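Enquirer: Chain by chain, the residues:
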Amino acid sequence: MIAVDSYAYNNNLKSVHPAEKSLFVMLTMGVCLASSTMITPLIVLAVMAGGIILKAGIPTRVLIKLMTVPLAFLLISMLTIVFSVSTNSSGFWLAQTYNGFTIGIRYPDLMTAANLFLRSLGAVSCLYFLALTTPLTELITVLHKLKVPFIITELMVLIYRFIFVFMETATAIRRAQYSRSGYISVNSSFRSMSRLFSALLGKVFVKSQDLYNSMAARCYTGEIKVLTKKRPVSFKNYFIIAVIEIPLILLNLLWR
Amino acid sequence: MSELILETVDLEYSYPDGTSALRKVNLQVQKGEKLAILGSNGAGKSTLFMHFNGIYRPDSGFIKYQGQDISYKKKALTELRKKVGIVFQDPDSQLFSASVWQDISFGPLNLGLSEEVVTQRVKQALLDTETTDIEDKPTHLLSYGQKKRVSIAGVLAMEPEIIIFDEPTAGMDPRHAQEFMQLLEKLSDEGKTIILSTHDVDLAYSWSNRLAIMYRGEIIAHGLPGELFSRTEIVKRADLTIPWLIETHSELVKKGWLPPSAPLPKSKEELFQNIPVKSGQQSA
Chain A
8 MIAVDSYAYN
18 NNLKSVHPAE
28 KSLFVMLTMG
38 VCLASSTMIT
48 PLIVLAVMAG
58 GIILKAGIPT
68 RVLIKLMTVP
78 LAFLLISMLT
88 IVFSVSTNSS
98 GFWLAQTYNG
108 FTIGIRYPDL
118 MTAANLFLRS
128 LGAVSCLYFL
138 ALTTPLTELI
148 TVLHKLKVPF
158 IITELMVLIY
168 RFIFVFMETA
178 TAIRRAQYSR
188 SGYISVNSSF
198 RSMSRLFSAL
208 LGKVFVKSQD
218 LYNSMAARCY
228 TGEIKVLTKK
238 RPVSFKNYFI
248 IAVIEIPLIL
258 LNLLWR
Chain B
7 MSELILETVD
17 LEYSYPDGTS
27 ALRKVNLQVQ
37 KGEKLAILGS
47 NGAGKSTLFM
57 HFNGIYRPDS
67 GFIKYQGQDI
77 SYKKKALTEL
87 RKKVGIVFQD
97 PDSQLFSASV
107 WQDISFGPLN
117 LGLSEEVVTQ
127 RVKQALLDTE
137 TTDIEDKPTH
147 LLSYGQKKRV
157 SIAGVLAMEP
167 EIIIFDEPTA
177 GMDPRHAQEF
187 MQLLEKLSDE
197 GKTIILSTHD
207 VDLAYSWSNR
217 LAIMYRGEII
227 AHGLPGELFS
237 RTEIVKRADL
247 TIPWLIETHS
257 ELVKKGWLPP
267 SAPLPKSKEE
277 LFQNIPVKSG
287 QQSA
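Chains as they are written, first to last, in my numbering: chain A, 8 to 263; chain B, 7 to 290.
Worth flagging that the hints you see were computed from the coordinates, not collected in a lab. These figures come from a predicted structure and were not determined experimentally. Each residue gets a CB set at the ideal place from its N, CA and C atoms; glycine is no exception. A portion of the hints provided could be inaccurate.
[Unchecked claim] Calculated cross-link-like contacts (lysine-lysine; reagent style PhoX-like; alpha-carbon spacing at most 25 Å): (1) K154(A) with K214(A); (2) K80(B) with K214(A); (3) K237(A) with K80(B); (4) K152(A) with K129(B); (5) K62(A) with K143(B); (6) K236(A) with K80(B).
[What the hints assert, rightly or not] Now the in silico label distances, taken between C-beta atoms and shown as ranges: (7) F212(A) with R63(B): 36 to 46 Å; (8) V211(A) with K261(B): 55 to 65 Å; (9) I88(A) with E122(B): 54 to 64 Å; (10) D142(B) with L257(A): 49 to 59 Å; (11) L208(A) with K242(B): 14 to 24 Å; (12) M33(A) with Y21(B): 49 to 59 Å; (13) V11(A) with Y21(B): 39 to 49 Å; (14) L61(A) with G177(B): 17 to 27 Å; (15) N17(A) with R181(B): 34 to 44 Å; (16) R63(B) with I83(A): 17 to 27 Å.
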């Protein structure tokens with residue numbers, strides 16, 4: 008997660024307007040999820056992988072590693088769709104019968120599973136494209152422009168910032184515990200962990216009060232107003248989005 | 007020159023748990039001065055600062071800004087905080103945004119300035135604190151010193167009259183600490199009033215033109231730096247030490263290398279200049 012975050016700030020597409028990237032990702036993801044053919048998700052996967060590796064300059068091994076994260080979940084859900092158990096042994100493509108029960112694979116199920124698998128993977132690749140090329144702070148400004156309520160965007164700003172503050176604090180406490188022989192046995196691990204959580208909880212209250220004070224010192228009156236750096240709007244990018252999306256949509260509509 | 011800008015009268019404050027943090031604090035701040043507040047940990051420096059722009063309300067006593075008691079009404083507080091800026095000790099509790107640019111723009115935008123003016127101020131603050139090269143980095147990937155400079159920029163961009171720095175050089179490397187002191191000089195030259203808390207006696211002595219020493223919630227002495235540091239009993243009582251410049255100077259006077267009338271040096275250069283060339287030695 009930290010790696011994804013730091014790539015978001017260090018990639019070749021960082022200066023592209025966040026609205027353009029978001030539009031591209033949302034459209035492609037919509038097309039990918041709505042497709043009934045297996046070709047669309049494959050194309051989406053290829054486009055996104057190409058975009059992430061060639062355009063954004065993210066190392067291939069990073070992308071492969073990230074793509075394996077949802078793979079475990081996907082495979083488990085695939086198994087439940089692919090395999091059926093029935094007392095009627097007809098209609099199976101590959102099957103084994105024990106004591107009257109048939110366990111096996113029906114061909115249409117296999118196709119559904121494969122389609123679902125590819126669509127999910129395609130959609131995940133879209134989200135990775137966004138996550139790897141766009142800092143969260145810029146995504147929040149897009150949400151802001153889309154008139155998402157202040158309370159949500161402000162909470163996102165604070166939560167995002169404080170994930171890192173608390174992670175740093177927790178790492179420091181954990182290190183201090185290790186250096187005083189914390190976590191050496193199962194019992195001590197439980198004790199160390201519980202102390203870490205209680206120490207962190209205390210710090211949460213102190214830090215939030217400090218943050219409020221320091222924001223008040225800068226004239227905070229209940230609404231976080233910040234200025235975002237202007238990114239250049241590129242018509243070329245909108246043209247590229249159209250060139251990619253229109254054939255994909257047509258493919259979805261015509262291939263039935 | 008000696009126009010009173012900020013004043014506390016018999017300020018008393020206790021924390022909710024009953025610990026008395028400030029006891030009868032009387033302090034006058036002149037416009038344009040460089041005031042250092044010295045004190046060991048827990049002396050009440052940060053607590054006092056929180057009163058200067060109305061974040062804490064005193065249990066008794068008053069704070070006056072330009073002769074007027076400060077009001078705790080929302081609008082008046084905003085007006086006060088526009089004039090009195092605080093750079094907090096821990097940058098992690100001051101930086102709320104992951105984007106350097108956004109964080110610095112927060113203060114000036116709250117003042118109701120136009121986007122152009124805010125952009126201009128953010129750029130200037132980035133230049134003044136030498137953080138232009140990290141403006142696109144997220145705050146969680148910055149070093150402590152960089153965070154500190156960004157938090158200073160966030161207050162500079164509001165262009166306050168009085169800037170309060172709580173332990174500003176703690177955690178900065180020598181180069182950046184020195185550059186920070188130059189920035190302070192520049193701000194003073196622009197006519198800003200600067201209040202700084204520290205327990206670095208050398209820094210306080212060389213930089214300030216007035217000193218206040220705090221000890222357990224009280225101001226036990228205030229006055230000119232040279233005079234204050236000559237009173238060893240006060241310095242000892244406040245758990246502080248004598249600046250090395252003064253110690254070296256008095257040692258040189260005691261051993262006859264300097265006449266007793268020699269002026270106290272304010273900087274290393276002044277001290278070296280005071281030391282006479284030994285007779286028979288070639289002067290460089």
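Enquirer: It remains to establish, for every hint, whether it holds in the given structure.
Expert: Here is what the structure says about each hint:
For the given pair, K154(A) sits about 30 Å from K214(A) by alpha-carbon distance, which is inconsistent with the 25 Å threshold. Restraint check for K80(B) and K214(A): the C-alpha separation of about 23 Å stays at or below 25 Å, so the hint holds. In summary, the hint linking K237(A) to K80(B) is not supported, as the alpha carbons are separated by about 32 Å, beyond the 25 Å threshold. At most 25 Å may separate the alpha-carbon atoms for a hinted pair to count; K152(A) and K129(B) meet this at roughly 24 Å.
As the CA atoms of K62(A) and K143(B) are separated by approximately 21 Å, the hinted pair is consistent with the 25 Å bound. A distance of roughly 30 Å separates the Cα atoms of K236(A) and K80(B); the hinted pair therefore is violated under the 25 Å criterion. Hint check: F212(A) to R63(B), Cβ distance near 20 Å, so the stated range 36 to 46 Å is violated. Hint check: V211(A) to K261(B), Cβ distance near 57 Å, so the stated range 55 to 65 Å holds.
The given range of 54 to 64 Å is respected by I88(A) and E122(B), whose C-beta atoms sit roughly 57 Å from each other. The beta-carbon spacing between D142(B) and L257(A), approximately 39 Å, falls outside the hinted interval of 49 to 59 Å. For the pair L208(A) and K242(B), the supplied restraint of 14 to 24 Å is violated, since their beta-carbon distance comes to about 41 Å. Range check, M33(A) to Y21(B): about 50 Å between beta-carbon atoms, so the 49 to 59 Å window is met.
The hinted window of 39 to 49 Å between V11(A) and Y21(B) holds, with their beta carbons roughly 42 Å apart. Taking 17 to 27 Å as the suggested C-beta distance range, the pair L61(A) and G177(B) does not conform, at roughly 42 Å. As the Cβ distance of N17(A) to R181(B) is approximately 26 Å, the hint placing it in 34 to 44 Å is violated. Take R63(B) and I83(A): their Cβ atoms lie about 58 Å apart, and the range 17 to 27 Å is violated.
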